[in-house]
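Q: Okay, here's what each chain looks like letter by letter:
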Amino acid sequence: MDDKNFNDIDININDYDIVLKIKDENDIAVSRQMAKSFAQKNNFSLADVTKIATAVSELSRNIYRYAKEGYIYIKKKETEPDKDVSIEIIAYDRGPGIENVEQAVAGGYTTSERSLGLGLSGIRRLIDSFYIKSEVGKGTVVMAEKRRRRF
Amino acid sequence: MKTKFTMVVPTIKLYDYLIVPIQIELDDLTIEKLQMQLLNEISEKKIRGIILDVSMVDVIDSYISFVLSETAAMAKAMGCHTVICKIQPQVALTLAQMGIKLKDVFTANSLEGAVDILNRLD
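So the protein lines, in turn, are chains A and B. Taking our numbering, I'd label the letters of the first sequence as residues 1 to 151. Taking our numbering, I'd label the letters of the second sequence as residues 1 to 122.
In isolation and in its complexed conformation, chain A is listed as follows (with noise of 0.2 Å):
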């Protein structure tokens, strides 16, 4: 597979631990899985579980409904071992871009007739850092990160 070039970020999928194809409605569910058990594996805690679960669910549904396919990259990152560990997510799509990136993210606004419009602004609440690149006609990356509490 060929490295993804979407702008200014790079993407080597032989860095991530999970590459995940979205290209039907049953792989938001795997991909919700798939999210769940590795940051079960990392010992994050039920709470953080649960809502990197989520945001991966919001995210891959958001490449389905809206740009028919693309791809999940999760991996773990740690700047020592055993030390400061986070969870990175990435959404990548080539499908139509955001019109309008600041209402998208900001809440209360879809352009979906069975949606709440609370995808982007919820995730951008349940993770610790969001960012989003989105271009019309050329595609869309959401990058979201989860760093492990230590108690």
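If you're looking for bench data, these hints aren't it; they were derived computationally from the structure. Hints may be right or wrong, so weigh each one.
Stated by the list, open to error - Which residues of chain A face chain B? A partial, calculated answer using Cβ under 10 Å:
hint	residue
1	Ala53
2	Ser86
3	Pro96
4	Gly97
5	Asn100
6	Gln103
7	Gly117
8	Ser129
9	Lys133
What the hints assert, rightly or not - Straight-line Cα separation of at most 27 Å, DSSO-like style, residue types lysine-lysine; simulated pairs:
hint	chain 1	residue 1	chain 2	residue 2
10	A	Lys21	B	Lys103
11	A	Lys41	B	Lys103
12	A	Lys36	A	Lys77
13	B	Lys33	B	Lys46
14	A	Lys21	A	Lys83
15	A	Lys75	A	Lys41
16	A	Lys138	A	Lys41
17	A	Lys83	A	Lys138
18	B	Lys45	B	Lys86
19	A	Lys68	A	Lys83
20	B	Lys33	B	Lys13
21	A	Lys21	A	Lys68
22	B	Lys86	A	Lys36
23	A	Lys68	B	Lys13
24	B	Lys101	A	Lys36
25	A	Lys77	A	Lys21
26	B	Lys13	A	Lys23
27	B	Lys103	B	Lys76
28	A	Lys36	B	Lys33
29	A	Lys133	A	Lys77
30	A	Lys68	A	Lys36
From the three backbone atoms N, C-alpha and C, an ideal C-beta is built for every residue, glycine too.
Got chain A; can you put chain B on it based on the hints?
A: What follows is chain B alone, placed relative to chain A:
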């Protein structure tokens, strides 16, 4: 029993209430089928209250919430109330943080509580 619709979740009829223990992964197609199943059951079995037990559901995202609220609104139009019971703490936390409100549904933290709510509504 003859059914014209797909049963995705086996349900239990108790008086004119319908208990729906959701113990399967809720993908988009499944929740849409469940919506149709419940509407058909309300009409065929003359159900006046639905109790959705979601204690086994690990993830409720914005679309699942949307369909649950939509189903409750449809049920309401048919004279049937909906109670969602036993939402997992981490699921409640996630929903609240995302700013998702479950409209048109009552909530309870136990099956008994759900039955109590329905009894009080009659």
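Q: Taking each numbered hint in turn, which are not upheld by the structure, reported in ascending numerical order?
A: 2, 3, 4, 5, 6, 8, 9, 10, 11, 14, 16, 17, 19, 23, 26
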